[in-house]
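Keeping the supplied structure of chain C fixed, place chain X with the ligands upon it in accordance with the hints.
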Amino acid sequence: MIGMGVVKGMLVTLREFVGTYPWGRGMLRMLRIRPGSGLFTIEYPDVKQEHAERFRYFPFLVYDGTPDNLRCVACKICEQECPPKCIYIEPARDAEGRPVKAHGRTLPARFDIDTSICMSCRICVDVCPFDAIEMDNQYEIAAGDREQELLFDKEKLLRSAEYFEQIKPSEAAVVNQRLSAKAKKPA
Amino acid sequence: MADSTALASDLLEVSLGPQHPSTHGVFRMQTVLDGETIVKLKPVMGYLHRNHEQLGEQMTYIASFPFTDRLDYFCAMTNNLGLAIAIEKLAGIDVTERGEYIRVIMAELTRLVNHTAVTGFLLNDMGAFGTPLLYAFREREKILDLFEMASGSRMMCNYIRPGGVREDLPEGFLEQARRIVDDYPRFLDEFEALLTDNEIIRQRTERVGILPKELAVSAGVTGPMLRASGVDYDIRKVDGYSVYPRFPFKVPLGTVGDVYDRYYVRILEMRESVKILRQALKDIPGGPAISPKGAALTKAPRTFRPPKGDAYGRIEAPKGELGFYLVSDGSNQPWRYHIRAPSFINLTVLEDMCLGRKIADAIIILGAVDIVMGEVDR
Ligand code: SF4
Ligand code: SF4
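Residue numbers (the working numbering), protein chains in the order written: chain C, 1 to 187; chain X, 1001 to 1378.
Chain C on its own, in the form it takes in the complex (with noise of 0.2 Å):
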């Protein structure tokens, strides 16, 4: 029968429409009718979504410790790696321009992420040597200005060890276990 069509379509919508509604969700279990998956949407920014444990926004730099123990040994991999080539590293240099070493490496003097460029695609955390760089997953970070503020330097990127383990348990213990490996081999 023409129409029918439209209407089974509508009872559709309708079993959805009250199955938003708690009261109609306990309606449609009673009449043995599959309520629909009910509200699905949440009220950002008073409620926030869970997210993945992968989940990644932006880079950070990982230290141990104190904040001038950065993993980081400025060996510019990285940055050449870096698809849109947003990420800039001046090596720690004294006047003569020999590179300045602490805690046995050279840190950088400067590291700096165009976060409005980079596109979290995550390959410098993948090419790092030195598991000096992970994935954060911080993402409000709207700002009022694209030239300052979102050009984040060494001191906006630096995080801490503790912070690592904290919001990536089931990364941070893999890569503990790889750099405790490498720290037993040349022993």
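No lab work stands behind these hints, which were simulated from the structure alone.
Rough simulated footprint, nothing fancy, chain X against chain C, three-plus residues with beta-carbon under 8 Å:
hint: 1; segment: 8 to 15
hint: 2; segment: 50 to 62
hint: 3; segment: 117 to 124
Note that beta-carbon positions come from the ideal geometry of N, C-alpha and C, so glycine has one too.
What follows is chain X with the ligands alone, placed relative to chain C:
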């Protein structure tokens, strides 16, 4: 248009887009109308050109992966897969068994995402604003959660690599994927109850925008559009790449080749995808997710220098044949990097389908082609 003065006075030129909600991005249709009937239609594209191919020739092979995510941004996983297969062919890299299964799971989930979304958008184009689209997006959201679990990103996955996938599946992925896949047919039933027999939809779509078999083949149309015209051609069957030959699935075909067939073929394809997914999620073996060679070049993209030669890798992407053509000169960057984008080539028959139809039909014909401008313009 320069020759507008040459038009007969009773014809009207209408430029639809590039900023128009029905054109799915920045696409323009330059139409000439006789009353409401289309007598000429010229697709104008290029507004979203990003120089993707040239950029790809100036960076390492691996560095192109995150850019392929942005081609057809509904189907990042299959885009990654196409490039990975081309690189594997070029350099002779093996894929691990588990890697192949993960790839098939991701590719079929992507097909569900794409077909659900395009059906929702098609309804939007017909004037059913919001409701079916939001039902579609609700289901898509669940699958995007899976992508986020595995790759860390919902849309810009950058997950598949030559030799396998970048990281193995996280804990709990398979269980959640099984739950979603098992629930999917129920959503499809609901979607069909809403749409398939709906008289308004049938009247708007049946015998509209017919694409004859011969034209579809000679124009190089692929994917659900070709199959809706009744041509049995699915690269998953023809090439049998990856582990697809292990899964029994049918290739749904249309009979008329109109918009309704294109809609319905997609629904049927989703049902087949669910079948493939069920089996793949059941059979997935253990072992490494990426081969040693693949893992090495993921870790050090700059050292990867495939031998001189060329390779064309193609897959059945949700929109059609997605091909990557690579020419290597032995250095660590491709000498030539070309993409055969399915929605770009499917778009070439737009005028043939629209001629003689009303202007309102052009919108849904375009909607049923299933284009994403990121891929059309590259
Ligand atoms: S983050 Fe890693 S790859 Fe980048 S410069 Fe530092 S040590 Fe090298
Ligand atoms: S995530 Fe990608 S784009 Fe961003 S800094 Fe790392 S390599 Fe560059």
